[in-house]
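A.B. asks: Residues per chain, in single letters:
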Amino acid sequence: MHRVVVTGWGVISPVGNTAATYWEALSHGASGLGAPTLAPVDQLNQKVVAEVKGFDPAAHFSDRALAFMDRVAQFGVVAAREAIAQSGLAFDEELAQRTATIIGTAVGGQTTQDENYVKLYRQGARRLPPFAIPRLMVNAACSQISMHCGLQGPAFTVASACASGTHAAGLAFQMVRSGAVACAVTGGAEASIAFGPLKVWEAMRIMAPDACRPFSKDRKGMVLGEGAAIVVLETLDAARARGAEILGEITGFGMSADAKDITNPDAGGMTRAIVGALADARLAPQDVQYVNAHGTGTVANDETETRALKQAFGAHAANLAMSSTKSMVGHSLGASGALELIATLMAMREGVAPPTIGYLGPDATCDLDCVPNTPRPMRIDAALSNSFAFGGLNAVLAMRRFAS
Amino acid sequence: MTDVAADVIAVIAGKVRGEQPQIKLTDKLEDLGLESLDAVEMIFELEEKFDITIPYNANDSRAEFDTVGDVVTAVKNLVDGKA
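Protein chains in written order, with the numbering used here: chain A, 1 to 404; chain B, 405 to 487.
Keep in mind the hints are simulated off the structure, nothing from the lab.
Note that the Cβ used here is the ideal one computed from N, Cα and C, for glycine as well.
Mixed in with the good hints there might be a few duds.
[Stated by the list, open to error] Below, simulated DSS-like cross-link-like pairs (lysine-lysine); rule was C-alpha separation at most 25 Å, straight line:
#  : chain 1 : residue 1 : chain 2 : residue 2
1  : B       : Lys-480   : B       : Lys-432
2  : B       : Lys-453   : B       : Lys-486
3  : A       : Lys-119   : A       : Lys-217
4  : B       : Lys-419   : A       : Lys-260
5  : A       : Lys-217   : A       : Lys-310
6  : B       : Lys-419   : B       : Lys-480
7  : B       : Lys-453   : B       : Lys-419
8  : A       : Lys-53    : A       : Lys-199
9  : B       : Lys-432   : B       : Lys-419
10 : B       : Lys-432   : B       : Lys-453
11 : B       : Lys-428   : B       : Lys-453
12 : A       : Lys-310   : A       : Lys-260
13 : B       : Lys-486   : A       : Lys-199
14 : A       : Lys-199   : B       : Lys-419
15 : B       : Lys-453   : A       : Lys-199
16 : A       : Lys-47    : A       : Lys-217
17 : A       : Lys-47    : B       : Lys-486
18 : B       : Lys-419   : A       : Lys-217
[To be verified] Calculated from the model, a selection of chain A residues having no Cβ within reach of chain B, i.e. all distances over 12 Å:
#  : residue
19 : Ala-20
20 : Asp-63
21 : Phe-68
22 : Arg-282
23 : Leu-283
24 : His-316
25 : Gly-351
26 : Arg-376
27 : Phe-402
[Unchecked claim] Just some of the chain A residues that point at chain B, by a computed CB distance under 8 Å:
#  : residue
28 : Thr-21
29 : Met-204
30 : Ile-206
31 : Lys-220
All chains, please: the whole structure from these sequences, using the hints.
C.D. replies: Quick look at the structure:
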């Protein structure tokens, strides 16, 4: 069994299009929410979304490449390039064949799908552009990352809704730990802010009209986000041998299924995933200082997650700092777990717990310390990142601050 | 009982599982066994039936739509507002 470290990270997010700007925003409690520009706001109850801003596809890709790339794949490849550049790895043939590409994407090329349906059903088009399928298939981001970065080892997409990015990184962690691969490029990508997807979210009646306020009184639900977050994983031995900068260590992964309800979360399922991650990382509850919560801002998630943390951590739950960075970047579905993995690693490295912004005051059912509104400098030696998907699919990663 | 009330009760009755009780305006949706997704479906069916938009958010409408009578009142107000 190898120790698994992170040596590169890359981010496209509603608060910044590099890992550094992402952290700058999170560590200052900046919001990436605003009125949608990608969908007609006058026909939506959701007046805010969390869009990626200032992303110029032509700055990153040729016209020929873009013909095959939905926004979701563009985000994924740009984040992967940043992560690989930071890692300093050069993929020669041997390493390329021993590097996995495991990417979480929940819904994939929704913009392409939506645009084609408008052409077909509203505009009466008799034929559609030829490359819709390679743009919208849910594995497109994964495939484009492997192609653009020349990664030839095991590659696949993980689709477990809101937990996709965490499941992907967890599987990559297990593969590097076991020695099945030497290296992994992993994380998540999503770009589903388009009129059709927003209307089906609206129909669920769980979207907030104005702001995402996890764990707060008077919270009104989720805000849809988008983006990509990619990390490079390798063994501690390999990273040390080549003198790489080590950004953090992944130490455990827990998974479970609620096996109960297709949308209502279950504290039992969440608890099993949290306890599983702690056990896998050989962490006692009191070893953990920070949890990056799933924290969607719905009534149901936040009170259930609070109960699960109490069940898993016992009395120590009251000592935890536990924040939801979705308050700043919205919920980017398949990318969210990966964005939160990086946020958690950065929190440990920089010694700052990012806040839960938009907090209006306590809710009796969410009585843990969610670092309300203000970032908190604190030493974090070990932390968890929670992801709990619709369909009751739960994934939790455990991490340690890396001290050389 | 008005037509609106009868129509609302018919929609709610469609969401009740098992034996059909005599639904009264004072019955709580929760006591009738309606879960959150049932309520969301009920609202959708009422919007379609009456061609209205009900501002229902599952995160903050639980108290507002507590009883069958609450739903009837909300629908009536919206239908009257249309006329």
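A.B. asks: Starting from Lys-199 (chain A), check that the Cα of Lys-419 (chain B) is at most 25 Å away, please.
C.D. replies: Satisfied, since the Cα-Cα distance of roughly 24 Å is no more than 25 Å.
A.B. asks: Would the stated hint for Lys-220 (chain A) survive a check requiring a Cβ distance to chain B of less than 8 Å?
C.D. replies: With a minimum Cβ separation of about 5 Å from chain B (threshold 8 Å), the hint on Lys-220 (chain A) holds.
A.B. asks: For the pair we were handed, Lys-453 (chain B) and Lys-419 (chain B), check the Cα-Cα distance against 25 Å.
C.D. replies: Cα-Cα ~15 Å, so holds.
A.B. asks: So if I understand the rule, the pair passes when the alpha-carbon distance is 25 Å or less; does Lys-47 (chain A) with Lys-217 (chain A) pass?
C.D. replies: Roughly 20 Å separates the two Cα atoms, so the pair holds.
A.B. asks: Assess, step by step, whether the Cα of Lys-119 (chain A) is no farther than 25 Å from the Cα of Lys-217 (chain A), and give holds or violated.
C.D. replies: Answer violated: Lys-119 (chain A) to Lys-217 (chain A) is near 43 Å, above 25 Å.
A.B. asks: Straight-line Cα separation of Lys-419 (chain B) and Lys-480 (chain B) no greater than 25 Å?
C.D. replies: Holds: Lys-419 (chain B) and Lys-480 (chain B) sit about 20 Å apart, inside 25 Å.
A.B. asks: Is the Cα-Cα distance between Lys-432 (chain B) and Lys-453 (chain B) 25 Å or less?
C.D. replies: holds (22 Å)
A.B. asks: Regarding the assertion that Asp-63 (chain A) does not contact chain B, is the least Cβ-Cβ distance greater than 12 Å?
C.D. replies: Asp-63 (chain A) clear of chain B: closest Cβ-Cβ about 43 Å, beyond 12 Å.
A.B. asks: Taking 12 Å as the cut and beta carbons as the points, is Arg-376 (chain A) off the interface with chain B?
C.D. replies: holds (27 Å)
A.B. asks: Return the status of the interface hint for Met-204 (chain A): holds when the least beta-carbon distance to chain B is below 8 Å, violated otherwise.
C.D. replies: holds (7 Å)
A.B. asks: Are the Cα positions of Lys-453 (chain B) and Lys-199 (chain A) separated by 25 Å at most?
C.D. replies: holds (19 Å)
A.B. asks: Compare the distance between the alpha carbons of Lys-419 (chain B) and Lys-260 (chain A) with 25 Å, and conclude whether the hinted pair is satisfied.
C.D. replies: holds (19 Å)
In the structure shown, a violation is registered for the earlier hints numbered 3, 18 and 28, in ascending order.
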